[in-house]
Amino acid sequence: MKKFVSAMLAMTVSAALIAGCGGGDKKADKGASGNVVKVGVFLPLTGDNAAGGELELRGIKLANKLHPEVNGKKIELVVADNKSDKAEAANVAARLIEKDKVKVILGSYGSSLSMAAGNIVKDSKVPAIGTSCTNPQVTKGNDYYFRACFIDPFQGTVMANYAYKKGARKAAIVQEVSNDYSVGLAKFFKEAFEKLAGAGSVVEVANYQTGDKDFTAQLTNLKAKNPDAIFAPGNFTESALLIKQARQLGIKAPFLGGDTWETQEFINVGGKEVEGICFSSAFDREKAATPEAKKFMEAYTKEYGGQQPGGLSAMAYDAYLIALNALKQAGTDDSIKIRDAIAKTKDLETTTGMTTLNADGDPIKSAVIKTVKNGKFTYLDMVSPEDLKAK
Amino acid sequence: MELFQALTHMTAAGFAQHLVNGISLGSLYALIAIGYTMVYGILLMINFAHGDIVMMACYFAFFGITAFHIPWYLTFIGTIAATALLGVVIERTAYRPLRDAPKNSVLISAIGASFLLENLANYIFSGRPMHFPDIPFLSSMVRIGGVQIQAICFFIPVVTVLCLAILLHIVNHTKTGMAMRAVSKDYEIARVMGINIDNVISITFAIGSALAAVGAIMWGIRYPGITPYLGVMPGLKCFIAAVIGGIGNIKGAVLGGFILGLGEILIVAFFPTLSGYRDAFAFIMLILILFYKPTGILGETTTEKV
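Chains as they are written, first to last, in numbering that gives the first Met the number 0: chain A, 0 to 390; chain B, 0 to 305.
Hints listed in this document are in silico derivations from the structure and should not be mistaken for laboratory results.
Predicted model, so just to flag it, every value in this text is computed and none were measured.
Hints are not guaranteed to be accurate.
To be clear about the criterion: a stretch of chain B counts as covered by chain A if any three or more of its residues have a C-beta under 8 Å from a C-beta of chain A, and this derived list gives those stretches [what the hints assert, rightly or not]: (1) 73-83; (2) 139-149; (3) 152-166; (4) 222-230.
Backbone N, C-alpha and C define an ideal beta-carbon position, used for all residues, glycine too.
So here's chain A without its partners, still in its complex pose:
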């Protein structure tokens, strides 16, 4: 009896193995014959950054719907959730490359998550195009990481210039110390602002941790310094609570931030207290920068039940366009050739203007200053790279 069972088991196992091999061969054949190009989507779909990841996924899915093919091959998206977690991000990136055999990776939202995947894409020579990871370290020294969004120095510098232009001479910074994005923006804001308004013009640098709910102690200290403007880049949940508590403590100075604030949750959680804040963003829907932008906005509204697209969706859409263009130019499945084609991206029509990638793999483009007015994100001003050079 025992023998019979083990014989049966052995047979089943070997049958399964053969079947498995057959299936595998078929798939490989399909890939080689070139009907499908796999593009990995690497985003936080659960956890603290889920809201941002979800918006970017929408942008990528929409781009895939409007541009489903390249060189006669179908582009297949392989969506992977990095769970807003650095350790998980590294695993997920490796899985996309090794198991799913994707040719290009799009993502992630959040610099820390992208950096966690940095060495993996570099070592396996599969190019990645970041969506809204704005820390310079993401692409620096990594030939395989590119991005569709502008980088932190630019955002921090833009906001410092903007604050100075609006008359602020004393600024305070509240940074999310455990978040590379926030620390990066804060560092460049401090440098640019002190250059404009003199040493010591940044009167306070306060810290908090991701996930904190209570900021009253830091804010009470800050209130005593009486700054003209407060730069508080960070995760939208924490930032909204921070601004709310600041207003409750009677701090009236304007709050400035980065592009992560541009989510509906920021307004939902912040309520009337976030009215009048300002932040930099790459995309503005009131002014379509290119025909592609118009097409994107119309398609988005149609696809998502009348909702308006935000910068995160636009950036993710752009990342897809950059990948699409490179796949078209490279005309092959070879990841290294695709990488070279991405690096050569020049004057590509994207939703946020014409995109050119520089030597680091970062795009050169304009920033929009936005505010919250009557519970909606509204266009306020525009800053171009030339504006900053002129000053």
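Based on these hints, arrange chain B on the given structure of chain A.
Using the frame of chain A, we list chain B on its own:
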């Protein structure tokens, strides 16, 4: 040097503001810490799901008000009842079957229950933060001299002290309380003496969870962004608060909560550059207390019975 600078810059109003912030945070910690301490006192286990019960209570209140449009005061009562029920259900499903198993199994089951609740919330309510609705008056601001305070901050300590008084009355002056104390002394003997220990444990979980719900509602009003992982940090800190005060001792938990809340705020007040290490304060306190007084401030030294 830095302390000196902070002291000279601090105005009376600034200090009062810090104090108020600290007391209201401490009271919230205290309420949640009671739940840990009660369960430990009776079962000698740490209910790691307690922080997540707080999170679930926040969602109950959120959906009661925003989705079902139940008036807020009724929602709050419903939330407390629903959360108490949740606590009992968790006890029945995750802890009761392991009553005679080694302590470690129950501990692991508690961690499992905690992860289950977090991921369930993530799945059902999505990871996107929701805004806890503004409650008339309680969410509004009150100004006294140079100190600006949310009205709820006055209620938090009052409610905490009130809850503590009621709880101490139940534990010390009712038959159920007597049974609880008996079970916590030795539940084998209590069982022999005819006490239905399953009932007593259920009641303990119900009370602990109800207090967690009270804490959660006030937490929601004070810090209105709610997410599925909202309970993790407060859960850890309140557990530490319970240990500092002497785990198993209800008054100790409240004391520990206040020490932790005030300490956290004041460390930032006096050492502004340490503001990023706020969370570390709780853990340093834990290490210190475990080194120098492992039974906690109000804990009694008991010898392990063989």
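For each hint, the structure was consulted:
no.: 1; hint: 73-83; verdict: violated (count 0)
no.: 2; hint: 139-149; verdict: holds (count 4)
no.: 3; hint: 152-166; verdict: violated (count 0)
no.: 4; hint: 222-230; verdict: holds (count 6)
Consistency with the previously given hints fails for numbers 1 and 3, ordered from lowest to highest.
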